[in-house]
Amino acid sequence: MNNTTYPHQYLYGWTGIVTLTTGIAGIISIREGAGIGTGLFIPDIPGGCILLLIAALFATAVIKGRTDRPGWISFSYIGALLLVVFAGCAILVETGNFLTLIMEGEEAHLLTIVSSSFIWAAILAIPLLAGVSKLLYGCSCGGDCCE
Amino acid sequence: MKDIRILFAGNPNVGKTTLFNSICGVHQHTGNYPGVTVEIKTGKRQINGHSIIVSDLPGTYSLSAFTPDEQVARDALLSSGPDVVIQIIDATNIERNLFLTTQLMEIGLPMVIALNMCDLADEQGMTIDADCLERNLKIPVVRIVARKGEGVEELIKTIIQVSTHKTPAVHRAVEYPHSVTSHISEIGNYLSAHASLLGSLSPHYAAIRLMEGDEHLEKMLHEKGCTIPFIDTTDPAERDGIAEDILLARYKISEEITTCSVQCSMGRVMPGDLIDQVLTHRLFGIPIFLSCMWFAFQLTFSASNPFIVGIEYIFGYFTELMNSVDMDPLIRSFLSDGVIGGVGSVLVFVPSIFVMFLLLSILEDTGYLARAAFVMDRLMHSVGLHGRSFIPFLIGFGCNVPAIMATRTLQSRADRIITIITIPFMSCAARLPVYVLFAGVFFGAAAGNVIFFLYVLGIVVAILSALIFRRLVFKDEPSPFIMELPPYRKPSGFAAAVHMWFKGREYLKRAGLVIFGGVIVVWALATLPAGVEYGSADSLVGIIGQVFQPVFAPLGFNWQLVVGLIFGFIAKEVVVGSLGTLYGGEEMLESSLAADPTLHPIIALAYMVFVLLYLPCVAALGVIRQEMGTWKWTGIAIGWGIFVAYVFAFIIVHVGSLFIGA
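If you're matching them up, the sequences are chains Z and A in order. The opening position of the first sequence corresponds to residue 0 in numbering that gives the first Met the number 0, with each subsequent residue numbered one higher. The opening position of the second sequence corresponds to residue 0 in numbering that gives the first Met the number 0, with each subsequent residue numbered one higher.
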């Protein structure tokens, strides 16, 4: 299948952009964790590895999308869903840490709550999630995604 | 008031327990994976002058009784003489469910079919003609959505109606080929002459069971001296052929009935299938599962921390209050060191337990945990464990006791023994307070990572142990794993919260009984003999700790930690309770541990690993004995756990010391 025939070429292109941003976010997290980062993001080596895993899911979606449209939808849907859910978890984790520090009378910065790389990567994935969710649902309701 | 005894039968994961809860108004645990119910649960409901007694059977695909839970279901159907059998059928997969229907019909008991999950079938574009189904089966069919309680009242009315029928139930008969029916008649006639040997079985049904290769029945008749025609005189190949004909006849009728009563949109790809392509992917499946678990444990630690700090403040306030009131020093010590120090140090971790149960419940409700078992199958199989063993493992994260009982879903005894021996390595919720305490004190911001590491280590040790037992003791191959993946569902916040509350409440009950008792014993031993400094090395508990301490000296554990391990055998929560009592109360526990010069992060890690691996609690050991049926394997399970715990803790201490130079 030729991609130029896609009715969803913008969404497909967006998958490529999210692949890059998620990969970069993963590398930033790992660099911060290794102590060679900018200090703007939370150091998190395991979290960085998870972001790279999600980037690999998006990359697979992009590659599959060239010949297998349902494959593109399923990989990009799961990638975006995991990213958004994990970003929500990251906010909860950082909020918990922030509140603990406050309650123990230690110094805490409100901005740390949104300092996880997951959150910034997830913001870009939200439109993708909305788009591919519609396509995924369309598959079971006679939509055109699986043609 | 008339008693109506009904049995719930059906395939695994079709919503039997959900319907049971809905009818009886109880809260038995339901799961979105097979094997949650492994023993019969009974409940009662009174309605319109009738007392309906409901028994929820374990799920089964057939009445062949290959696994212990299938055997339980079959025995109950055949021997308990219910007034009505309710078969719960998954409306999204009628054909597969009808296979069991064909077997249930032959028993000849009055039946009602509850067609569950009709909402999901509608969502999937399926049109089900319940009347057609009813006409074809000659069994009343009621459409229900058990999760929402829809159709349940109509089902109850139908049950009452069917139970009051005076005429015997006549269902549609399976049409077997002539070669089969002639043998059924031959065996049936023989068994009619020996009907007293069959108990509640009809000769016709017993003949079919024998033709299908029911080894239990065959063995029972042989033990009573019967020589069964055809069965004992025909070669196995021919018997297998007949059994296959019976199987095909059952599938044929299931297919015919489904074709005429269900219309679905062919060629559509379901979203669940597309999602499964990724979540059960051979490369991505396991990393995705590990990522989910990593976030779950990060949340368990961080999200519950503010609540823990809040509870600590409350206990701190009560301790100060206690110290400011004029009272007998012994009573003050009892209340302050024993009750608040011991029980308090356990109760502060209740938020972590609640958060963990909430997250596991959400993962389970979505249907993801069943996929996790599926993706782990390849890994499990390669080390000699049955893929289905992973479900007891997952249950073991909550509590080892139901997890050990869930091994009844395993067919082979070898698979069961290996799984039971390895389940205690799954870190149950009771061990979480130990990790939260030590990881929080010694690992700071990396505490969540350490807790995740411990849970993964538990799985790794379980898998390695299975590999060793499979290679050295049980050299046969594990049986193949067939698992039906449940549909994906949006998790219900209310259901998850209810599940979390019931599990958490169990923990609180234990805190009130077992843990309270345990810490009071520790307090008494720490106070006696009279006149010694509380909790000192001269107290009884100090003496006990010092007697065993040399055994643990290579691991770097001080005598207080050893006391925690000894009393942790009662229940793992008592480990923290004991330490709270010995280290000057809940308020002081963290700072005392941090200030103890005999402790450092490597010893803390070794201690957490030892607690993870060394012994299940008394309750779990009791269930291991019950399920193994022998003290030999129970002893092996205990010995193996202690050995593995010691070896791992030793390696951590000595390899870790090389890095930190301690």
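Because the hints were derived from the structure by calculation, they are not lab data. Hints are supplied without guarantee of correctness; some may be wrong.
As the list claims (entries may be wrong) - What follows is a list of derived Cβ distance ranges for each label pair:
| hint | chain 1 | residue 1 | chain 2 | residue 2 | range |
| --- | --- | --- | --- | --- | --- |
| 1 | Z | Glu-105 | A | Gly-516 | 36 to 44 angstroms |
| 2 | Z | Ile-90 | A | Glu-214 | 28 to 36 angstroms |
| 3 | Z | Val-84 | A | Ala-496 | 33 to 41 angstroms |
| 4 | A | Arg-470 | Z | Gly-87 | 41 to 49 angstroms |
| 5 | Z | Thr-66 | A | Ala-496 | 38 to 46 angstroms |
These numbers were taken from a predicted model, which means no experiment stands behind them. The C-beta atom is built at its ideal place from N, Cα and C for all residues, glycine as well.
Against the structure, the hints come out as follows:
no., hint, verdict
1, Z:Glu-105 / A:Gly-516: 36 to 44 angstroms, "holds (37 angstroms)"
2, Z:Ile-90 / A:Glu-214: 28 to 36 angstroms, "violated (57 angstroms)"
3, Z:Val-84 / A:Ala-496: 33 to 41 angstroms, "violated (18 angstroms)"
4, A:Arg-470 / Z:Gly-87: 41 to 49 angstroms, "holds (44 angstroms)"
5, Z:Thr-66 / A:Ala-496: 38 to 46 angstroms, "holds (44 angstroms)"
Hints 2 and 3 from the list above are not met by this structure, while the remaining hints are.
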